[in-house]
Structures are given as structure tokens and as C-alpha cells.
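Residue numbers (my numbering), protein chains in the order written: chain A, 900 to 1151; chain B, 900 to 1151; chain C, 20 to 301; chain D, 3 to 257; chain E, 1374 to 1665.
FYI, nobody ran anything at the bench for these hints, they're computed from the structure. There may be inaccurate statements among the hints.
[Claimed, not checked] Computed spacing ranges between beta-carbons, pair by pair:
(1) B/1124 x C/295: 36 to 46 Å
(2) E/1645 x B/974: 51 to 61 Å
(3) A/1026 x B/923: 53 to 63 Å
(4) C/295 x B/1021: 45 to 55 Å
(5) A/1144 x B/1129: 45 to 55 Å
(6) C/211 x B/1021: 33 to 43 Å
[Unchecked claim] With a cut-off of at most 20 Å between alpha-carbon atoms, the simulated EDC-like pairs for lysine to aspartate or glutamate come out as follows:
(7) A/1134 x A/1091
(8) D/32 x E/1628
(9) D/176 x D/154
(10) B/1085 x A/1071
(11) C/31 x E/1470
(12) D/246 x E/1434
(13) B/990 x B/1043
(14) D/192 x D/243
(15) D/151 x C/198
(16) A/1141 x B/1043
(17) E/1659 x B/1043
(18) B/972 x B/925
(19) D/189 x D/204
(20) D/28 x D/243
(21) B/1084 x A/1039
[Said to hold, decoys possible] A short list of chain C residues far from chain A (calculated; beta carbon distances all over 12 Å):
(22) 41
(23) 74
(24) 93
(25) 139
Positions of the beta carbon are idealized from the N, C-alpha and C atoms, including for glycine.
Residues per chain are reported as follows:
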Amino acid sequence: MALCAEIKNLSVSFHGRKAVSQVSAELPAEGISVLLGRSGSGKTTFLRALNRLNETFQGYEGSGKVCLSLGGKMKDIYSADQLTPTDLRRKVGMVFQIPNPLPMSIRRNIMLPLQLIPGFNRSKAEDRMETALKTTGLWEEVKDRLDTPANRFSGGQQQRLCLARTLALEPEILLLDEPTASLDKKSSELIEDYLISLKNRYSMVMVSHNIRQALKLGSFFIFLREGKIVTAISKKELPEGKEAEKIMSDLL
Amino acid sequence: MALCAEIKNLSVSFHGRKAVSQVSAELPAEGISVLLGRSGSGKTTFLRALNRLNETFQGYEGSGKVCLSLGGKMKDIYSADQLTPTDLRRKVGMVFQIPNPLPMSIRRNIMLPLQLIPGFNRSKAEDRMETALKTTGLWEEVKDRLDTPANRFSGGQQQRLCLARTLALEPEILLLDEPTASLDKKSSELIEDYLISLKNRYSMVMVSHNIRQALKLGSFFIFLREGKIVTAISKKELPEGKEAEKIMSDLL
Amino acid sequence: MKDNKNTPIWLKASAAYVSSLMSALFIFIALCAVDGLMKSGPSLFCSVWDPERGNFGILPMIWASGLLSLSSLITGWTFSVGCCCFIHGFGPRWAARFLANILRIMTAVPTVVYGFASVFLLVPLIRNGLGGSGFSWLTASIVLSLLIMPTMVLSMDSAFKTIEAQTSITSAALGFTREQNIAMVVLPASKQWIWSSALLGFGRAAGDTLIPTMLAGNAVQYANTPLDAMRTLTAHIGLVLSSDVGGTAYLSLFVAGGILLFVSISANILFRLMRKKIWMQG
Amino acid sequence: APIDAFKGQKGTLDISGGTAHIPVMKEAAKRIMSFNPDIRITVAGGGSGVGVKQVGEGLVTIGNTGRALKKEEISKYGLVSFAFAIDGVAVVVNPANRINALTSQQVIDIYAGKIKDWKEVGGESGTINVFGREDGSGTREVFTEKAIKKGELAPSVNVVSSNGAMKTAVAQDKRAIGYVGIGYIDKSIKAPTFDGTVPSQENAANGKYKVTRNLYMNTKGQPEGLTKLFIDYIFSPEGVEITKDSGYIPLPAGK
Amino acid sequence: MDARIKLLRILAWLSAFFVICSFLMLIGFLIYHGAPVINTSLFFGNTAPLEAITGSRPVWDGIWPAFIGTLCLVGLTMAISLLPGIGCGIYLARYSEGRKKEMLSMAVDLLASVPSIVMGLFGFVLILFLRRTLAPDATTCISLAAFCLALLVMPALVVTTRSSIESLPDSLVTTGISLGFTEQQMLLHILIPAAGKGILGGIMLAMGRAAEDTAVIMLTGVVVNSGLPAGLGSKFEALPFLIFYTAAQYTDQEELLRGFGAAMVLLMLSAALLYAASKLQRTMEKHWKGAR
Ligand SMILES: Nc1ncnc2c1ncn2[C@@H]1O[C@H](COP(=O)(O)OP(=O)(O)OP(=O)(O)O)[C@@H](O)[C@H]1O
Ligand SMILES: Nc1ncnc2c1ncn2[C@@H]1O[C@H](COP(=O)(O)OP(=O)(O)OP(=O)(O)O)[C@@H](O)[C@H]1O
Ligand SMILES: [Mg+2]
Ligand SMILES: [Mg+2]
């Protein structure tokens, strides 16, 4: 089985307090891997370990090895000579749990990261922006307000904006931290469908609290508790329908 | 039927763009009223109209009348002589969609608002803090980290902190903007149960995207679309079980 | 249905206090300047300053004041932005901290020390390296820009700090380097404060007395090359004040004050217009 | 009056004005206050103009000037002057300069901008950097009146605002020329002979060297009480000593 | 894009280089000349230090009175200017709108560009005016100097306070408001502490300025010798003026060196003030955040 990520003995602590400890896992390249666990169990930290974002926080200390499949090769992302963190983060896009638009207009929010990619082309970038906004269902709502500061929009709109921003970057791996948490059912479905359609193009790792959503999207599930992996299970190993839901909620 | 809120012809616009238009509704005092609607439909704006928070945003313009039942009397909250906005906001607590801890420690986050209430008593306040943290299931997780800056905690922890902060203030009316959006099932249930237990003490208005949760908690439902009310429906008028879910998701 | 924030009384009081003091000051300067103008009139507006022969021209000084304050503002401001960038990401962390501390200490370096030390350090350097007497527009401009930098950097810095704290993680996640975050996100977002710090710096540059007195040579002439000596209005005030009472020379001092104020007002309005325009564009 | 006169006196005496006076005033104040701590004497600078203004407005009791009062100053405020010392003003150059003698005509031409190069007066070739003092300064007044005979001053003359600054400028610059009070001359600057006379306090005192000025104390109306005692003290033998030590030539009272 | 960053990078390094080099040169120069003369006799002259510190005997030929005078002057100036300055900054940041805001902020900017010498002149004329009207005995003194200095340092205080409050994220205000804080409480408990670092920057600027300005105090009461300041209405000595005076009137090399010594002392005094202020701010922030 092709892998998208290989994690060995990953430990992360902040200010001396373990957030993730001694985690090893292998995430398949195909389909979406879903992280589940109670609040504070280390899901976000785990996710951030995949794009080296934990390092930007105060009091970080980490050990272990993380390899990601980038450009067809497995690369050790924590070894300096293979990849700079910046390159890594451009290739491994992340959507945050709490929407975090930059203090500028919608348009700039999406265009700016594109501009910084070598070989930037304005009209192509504009296209990408439009596509990304359409995918997240935001286009109709904001197309006449593209130059409004992003923080004036509703919570769900901001969340979708952040998703669109990451999608427009066309990363190789997508990290999604509860991308639909503050969205209504219809918008969630729109995005879920889109994620399914992307399944074959990108590797995706996502956090979800919604078991139904996890089952619908995921093909591999990792359960965390207090920073440790309780179980890692693939969809094939689960029974169909209601029963699966039950098993999963018991595992939480 | 006793009312907790009476809204007449409420319109709110930002920078000349309507967010809520010509909304009239009567919310019952008993039980929880739930706002539903797609992202950007004006739920948060509606909620903010109930504690006059909209006015603090740039470009705000509003009209209409909102009466809340406070201290046993119906009060027009927008008429200056009845209530200052500050008093109003202390009595009408709000939890935000996007967690907004103050940039200080957990303890200070909860204690600071308590300290500013006339007649503050430290040991009583500490008790209230502990109770509130326990209710939100946070106590065990943070009791040895009470003096850590709040923004270092996980998304769900922050959300629960904000809920605890509001609960500790013991408001008369609670406004909840998707309080469980970024929480796992267990934590959500803990909070849901708690909200149910509070049903008889406070009036509550809440936004939820989760129909199951809405049905479980709510006794009155308001559906918004593009700033207007589509339907307002009480639980009694709905059939039981699956069917209700279906009707509701069609209304969205 | 709008909430009129009730302003705490001490804020209103302090705003009133500050504005009344300022009005008193402005009225005082304006009155004195008008008085001076009435009494001395057109004799001030010529190019020769030679009190012994009854020539009281202050035009070259106006020119010098404008030239010196603008040139040092431009260099000082550019360098200030540079320093802010250096502190917040372009430089290695230790160097950044070092620079920040230096700038903080520099606020405490007395102007007279700058002037004093420059006479011994910079003036010979310029004289031997570039020629002239060393007391020149260039010398004063270099020191003046150094003098106004801490003021500007410190007032930009607080905005930089807050905005960087808000955006750095988001930017990192989008694959920005720290430099890119500063250049593309923080800098544009703190535009407003960068502008207002320029105004602060301009004020400091235009208002300084000691540096031009000690370093600019004080010759009353139109300085055309950076190596020429010049006398600014402030230096003129200082020079005349210490030596004369009454007479046209003394009056010229109040007119100089008035002109300085007038120039500052114009520069201020100009700045504001420019700022509005630039804001409209982006 | 000798210092004993201050016995049993009380009060404050504020002095301001000409900076050249400060060493004398300060030393006198020190002796008087040490003798009788009940007396408080403050000494400030500011320049001749400030001295006149402040004593005229009653802000201080003695205002010093490095030049004679102007008519309008006397009439406006009713001031009384006491000249107590002579200070010579000398043309100075950098010690590294070969020049050892200058004539008044050469100096006039240099300050008028007609002579621009040291070569023209017999030095090493190089542009002359001319330094002068601000107008109204006592030193400058003496210089323009007595050294260059009210000759023209080129606008390009650099202006410095004190004797110290002048000294610093000339001591730093091999091609500089300037003028300072004789008391300020030391080994860091050099005073060439002026029209053949060595500028020194002796020559100034015996009248050979003509470029001199008086230092004045001024009061509003005739001095009384402490003020009078102080002025008398300056003219007493002890005061004369102080004046001499400060580098000036004392003048007898009532001149 | 890349070009812009490259440009900025060059600028950043250039600026840092410029500042650091100039500063080190300046400090090196000062230390080279000033350090050898720093000793008790620089401070106290011939007076015994203990007697000088208790003020029982006046100090001659020492900078002690000027040292204390500067401290008093800075303290007095801050006492007069701190509250109104910060208050006005907050007022501009949060409570004024439209024309009023524009006018007031412009006035502050203008005030910033009033030359210090004019400020001193203002004080001088003010005291003349007072003598003719209300208080015939008023004279230039430490309070007048502090008052004029307060005017001088006000703009820095106002502008930095304003900018550090305005750059706080909006959500902070919204949170405070939603928790039912009154305006007053919000300011005291959230905005001012959160903007504390920036405001402190302003205070440092103001203190530095008050400690170093010469032109203002020259016309408003500073003297070459007066002993320790005897009260609010007395004349005083101050270090910057002492330095200025030395630079202008030194007669021999030794005197000049003492000037450098005084300059170094002034610098150290200011640095100590800054250090104390930032220490205080850190303690207060810790208390506010309640964090360890
Ligand atoms: N402060 C503001 N400034 C400008 N426009 C605003 C502001 N707040 C809300 N809006 C606009 O008003 C509309 C309604 O926003 P609101 O936040 O009420 O939506 P919502 O129903 O809460 O959506 P969501 O579920 O995504 O949170 C949106 O189009 C939004 O962009
Ligand atoms: N920057 C940080 N500094 C200090 N502690 C942190 C930091 N980030 C996370 N933690 C701690 O690490 C633990 C795991 O946090 P994490 O954010 O990974 O949880 P999570 O599983 O994402 O929870 P949630 O579902 O609530 O978002 C928590 O106890 C949290 O308080
Ligand atoms: Mg999380
Ligand atoms: Mg919302």
C-alpha cells in the first residue's frame, strides 16, 4: 500500500507538557485519513506536526520522525537538507479549526499566497481564486464584496474563505482541522462532496468530530486519547451502516 | 405564553448591506430557542441584536424594536432610559462562534469579569469559576494549568472556556452561537445535558447547525434565509423522530 | 438605535486640556508672528541677513529648514521602516533584540551629545572625505535622521508587534517566510501607523534646534550642495535669542516661529491629503 | 566689600545672561555661599540678550552682558551697568597651520570672502574655512568693530554659537580660521600675531592689543542690599582675584 | 514580489548597520572620553558624598545637584503630562470620530513640530504675562520648565498610546463589551494593559525627551549653579544644560572631559529610568495576564 505519511515515535510537548506522545502511524496515500478524539486529545497538534507548524509556538519541544510523500518521494520533513519549512508548508496546506483570515480583503487573502509562488501569473491566479471561492460556495455571497476586509464576514464565511485560500494554493497534501465545524448542513455537504472529488488528487488528513462525516469521507481512522493513539483502523475493517457508527463512538 | 424576547421589524445592515431585514419574532421564555439557517443568513447578527453588540461594529445601522424580559419585566433594550448597554450585556451573556479568550490566563479570563461586578467576593468567585469549569468538563484538563495563557489551549478547550466564562457570570438570558461546533461528541453531550438542566433557570437562544442537537435541545425554531425569517416553528408542531429531522433539513 | 459611547470624563478632560494648551501655544505664536510681521514687514523677506547693515532676510533660512527637515525625514523614515523590518524578521533574532534595545536607549541620548560627538567624529570625516568645512547640510541631515529614528521606530514598532502576533502563524501555514509575512502582511496592515510616525518624525526634525546649530554651519545662504553650510529657522531663533533684545532681528525670531508653524501646518495637510489618496488606491 | 559684609545676610540672588561671565559669578557665589549658607545665589547663562531681558523684566536681579547696553535697552528698562572686566578677542587658527602672523587687512579680506586660499596669506594651499560668531554676541561685536573695522562679512561664513564651539571647530580643522576670547586660548588652538601684536591678557591690559571688550553686570535701577553687596564683592580685592583667575583683566569700580 | 522583499532586506540590513554602527561609535566615543573621569569627585566635587546626598552641605564643581535636578524635572514633567497624554491618546483612538478626530490628531502632530526653543519662548512669555497679571512674584522655575517640557513630550505620548491601542485586534473590544464591561472597565482592565508595551514605549520616549532637552529649560529656569532644587518655585540645575554649557564654554581640556563624564552619567541615568519603566511594565503585565 502506498503511504502518504509515515510517523515514527512522534512526541510533541509545549512548555514541558506532552500534547502528543510516542505516536507512530502510517497514513495511506489513497483517500482521506481522519483523526478523531476528544477535545484536547492532541489532534490539532498531530496535524500541525505534519507541516512543522508546532515549531512556531512558544515552548515547543518535539522528537520523532515524520516522512511525507511529496513529489512522488518519501521525504523526512524534519531533516533540514531535504526541504525548508516554508516549501513544506506550501506543499502541505492547512485549514485551521478557528478561522484565521489575514487582516486584508477577501481578494488579497487568496491572491497574496499565490503571488508568492514563483511563476505567478495574475490572470491564472484570478481564475484559481474564482474556482476556489465557487467550490466553497462563497462566490455568490461575496463576489460583489471581494475588496471588503475579510474579518467582516460571518464565521462560516470566514471558515470557507480559509478553505478556499488553501485550495487555491493547490497543495500536495491537505490538512483539514474541522473544516465544516461552523457550517450548516448544506454548506458542509457542498464541501464534503468537493473533498470526495479531490480524494484522488490529493492526500488528505482531517480532524472531524462528526462521526457521520468521518465515515462518509474517511478511509482510515486514527483515534487519539490524551496524546496517544488508541486505535488506527481502516474503513474496510469496519462493518457497514449503523454498526460502524456505534463502534466508532465507543472508541472515542 | 410568557415571552423572553419580542422582536419587531428588526433590520440590521453593515456598510449599507442588509444582514437582517424586517424580522419580527416572539421567543418563548421557557426552553431553548434555536436559530437555524445557512452560513451567512444572519443568525449571528440576529443574536447580536439581542445584546446590542452589533452597534460596536463599523458601518452598523439598525432599526426596529427589541424587548427582552429582564428581572421579570419586558424592557425595550434600545431605549436609553431603561437600561444601559453595559448592564444589558451583563444580564444577557453571549458565547461566540469563534472562541475569543482574552489574552490572559484561564483563571484571569474567568475571574476578571467577576471582579468587576459590584459586590465581588473572591472566595465565592473562585467557587463559581470551579463550578463553571467543571460544568464544561474543562476542570480536569486545566486544573493544574489555570495560570497558563488561554490562547495556548486547543480549539475545543478555548470554546469551553468561553462558555464557562459566560456561565460564571450567571446571566439572565444566554445567547449561544454554536457553542459545540468544535467539540467532540462526548464534550458536546456534556454541554447539551448541562444546557438542558439550565433550561428552567435561564432563557436561552442558540444557533446550531446540527439538526439533531437542535431537536434535542430546542423547543422553538427559527429558520433564517438571507436575513429574513422563513419559518418559526415550535417543537410541539413537529412530528416525532426521524420525520422531524427530515422536515427541518428541508427547511434549511 | 445607536449606542452613543459615553466617554469617561478623564479622557474628555485630558483631550480638552491638551487641546486648550495647544490652542494657547498656537495663538501665542501666531500673535507674536503677526506682531513681528507688522512691525518689521517686508524687510524680512529678502535673501541677505546682515543686521549691521539693516538687512534682515530670512528667506534662506526658510529654504534651509525645509531642505534639512525633509531630507532627514526621508532618510530617517526609510531607515526606520528598515529597522522595524529588521527587528521583526529580516534580521537574526539576537541582532534584532540588540537593535531594539539600542533604539530604546537611543531615545535617551541627549541631543547635545549627538551634536557634541558629531563635531568630533562626523565633521572631520566629512571634511576630509568630501571637502568643505564639514559643517554642512549633509552632516546635520545625517545626525538629525539618526536623532529622529528612535521616535519613529518605537511608534511603528507597537503596531508591528501586535499585527505580527496576530498573523504570523497563519502566514507560516500558508508557506510565507517570516520576511514575506512582514513585507506582504504586516507592513500593509500597519500603514496607518507608519504614516503617523512619519509625521512625528517630521515634527522632531523640523523642530530641533541644537543639531542644526551645532552642525549645519549656520551661514545665511542658499545651500545648494549637501556640503554647503546652512542656517535653519530654529537655529536662527536660538542664535538671535541669546544675543539680542528688541529691534528687527528680535522680531524676526517670532516671525521665524510663525513661519515654522505655518510650514508644519502645510506639511501636515499635505501629508494627510497624500495619505488619503494612497489609501484610496490600495 | 570683603566677604565679611555678607555676615548675617539672608535671601536669594539670581544672576543670568552672558556665558563668559559664568566662571566669575560661579566662583564668587561659591565663596559667598560657603561663607554664609543662608544666602542662595543662582547663576544661569542664556546669552547677553537673555540677560538684558530677564533683568529688565525682573526675573533675575543681575543680568550680565558681554557688550555695552543699547540705548533702547537702557531706556526701556532703566538698567544700570557695571563693567568689571576686560576680555580680549583673538584671531585663531589650527596649531598645524604654518601661519604665525596676520595683518588686519588680511583678516578683513578673509572674512569678506576675498581671500579664499591659505596660499594667498603665505600658508599651505587649501581653502580657508571661515568661522564667525552669531550676530549680537559680544565677541563678534568686538571683532567686527575693532578687528575688521566693520568690514563686510561674506554670507558663507560659518557661524558657531559659543567660544567653546569655536575652539572645537578650529582645533579640529587644519584650514580653519576663527576668533575667541583670549581666556579660551590653549594649546589646541593657536593665535597668530595680529598686526604684529601678540594677543595676550598683558597686551590687552597695557593697551597694546586693541581688540577688547568689557564685561558688564546690569541691574534694574541702582542696586540695593544683597545685590549691592555682591557687586561690591566683585570689585573687592578678592573679586578681582577671581576675575583674574577666570582669564579676564579686572576693571576698577566706577569705570 | 521577490524584488520587493530583496529591496526590503537590503534596506533592513542597511538600516540596522547604520544605527548600530553610529550608536556604537557614539557610545565608544563617550566611554573613551567620559569613563576615566567618572568618580565621586565628578559627582560631589570636594564635598563629602554623604553630606552631599543628605544635602547638608552644598556641592561645588560636582554634577550631583544637576543629577538630582534632572530627576526631579523628569518626575515633575511626567506627573504633569502622563495622564493627559495617555488620556488624549485613548480619546483619539476610541472616542472621537470624523472631523473632531482629524482636527485633534492634526493639532497633536503640529504640536510635535513646534521647535523646543519656541516652547521655551512660550514659557518665558507666559511667566512675563503672569507677572503682569495674576502673580507678580512668579519667576522662571522648575515647575514652569516641567510645564513646558510636558507640552514638548505630549505628542510622543499621545501618538504612541493611540497607535498601540488602535492596532489591537477588534475582537478584544467585542469580547470585553459582550462580557458587560463598562467603557471605563474595558480601558482599565483590557485595552490599556493589552497595549501596555506600546504605551510604555511612549512613556520611554517622553522620559528620554524630558531628560535630555536643553532648549526649553534654558529659557525657563535652569541655572548653572543653585544647589539641590529647593521647591516647586525654585530654580534648578540639570544635566543636559550642564553638558551644553560645558560644550559651549569649556576653557581647558579637563573641563571638556568632565562634560563627557556628565554626558555619560546622563545617558546612564536615562537608561536606568528606561530599565525601571520596562521592569515595572513587565510586572504589571504579568499581573494582568495572571500567567506564569
Ligand atoms: N461586522 C460586519 N461587517 C460587515 N458585514 C457583516 C458583519 N457581520 C456580518 N456581516 C454580513 O452579514 C451577513 C450575515 O452575517 P452573520 O454573521 O449574521 O451570518 P451567520 O448566519 O451567523 O453565518 P455563519 O453561520 O456563517 O456564522 C453576512 O453576509 C456577513 O457577511
Ligand atoms: N501552543 C500551545 N501551547 C501550550 N499548550 C498547547 C498548545 N497547543 C496545544 N496545547 C495543549 O496540548 C493539548 C492538545 O491540544 P490540541 O490542540 O492538539 O487538541 P485537539 O485534539 O485539537 O483538541 P480540540 O478538539 O479541542 O481542538 C491540549 O491539552 C492543549 O492545551
Ligand atoms: Mg484542535
Ligand atoms: Mg455566525
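The hints, checked one at a time:
1. B/1124 x C/295: 36 to 46 Å: 39 Å, holds
2. E/1645 x B/974: 51 to 61 Å: Holds: the Cβ-Cβ distance is about 56 Å, inside 51 to 61 Å.
3. A/1026 x B/923: 53 to 63 Å: 44 Å, violated
4. C/295 x B/1021: 45 to 55 Å: 51 Å, holds
5. A/1144 x B/1129: 45 to 55 Å: 31 Å, violated
6. C/211 x B/1021: 33 to 43 Å: 41 Å, holds
7. A/1134 x A/1091: Cα-Cα ~17 Å, so holds.
8. D/32 x E/1628: Status holds; Cα separation ~18 Å.
9. D/176 x D/154: 24 Å, violated
10. B/1085 x A/1071: Violated, at roughly 33 Å.
11. C/31 x E/1470: Holds, at about 13 Å.
12. D/246 x E/1434: 19 Å, holds
13. B/990 x B/1043: 31 Å, violated
14. D/192 x D/243: 26 Å, violated
15. D/151 x C/198: 65 Å, violated
16. A/1141 x B/1043: 39 Å, violated
17. E/1659 x B/1043: Holds, at about 18 Å.
18. B/972 x B/925: 15 Å, holds
19. D/189 x D/204: OK: residue 189 of chain D and residue 204 of chain D at ~18 Å, within 20 Å.
20. D/28 x D/243: This hinted pair holds, its Cα atoms lying about 13 Å apart.
21. B/1084 x A/1039: With a Cα-Cα distance of about 33 Å, the restraint between residue 1084 of chain B and residue 1039 of chain A is violated, given a limit of 20 Å.
22. 41: 33 Å, holds
23. 74: 57 Å, holds
24. 93: 27 Å, holds
25. 139: Correct as stated: the minimum Cβ-Cβ distance to chain A is 45 Å, above 12 Å.
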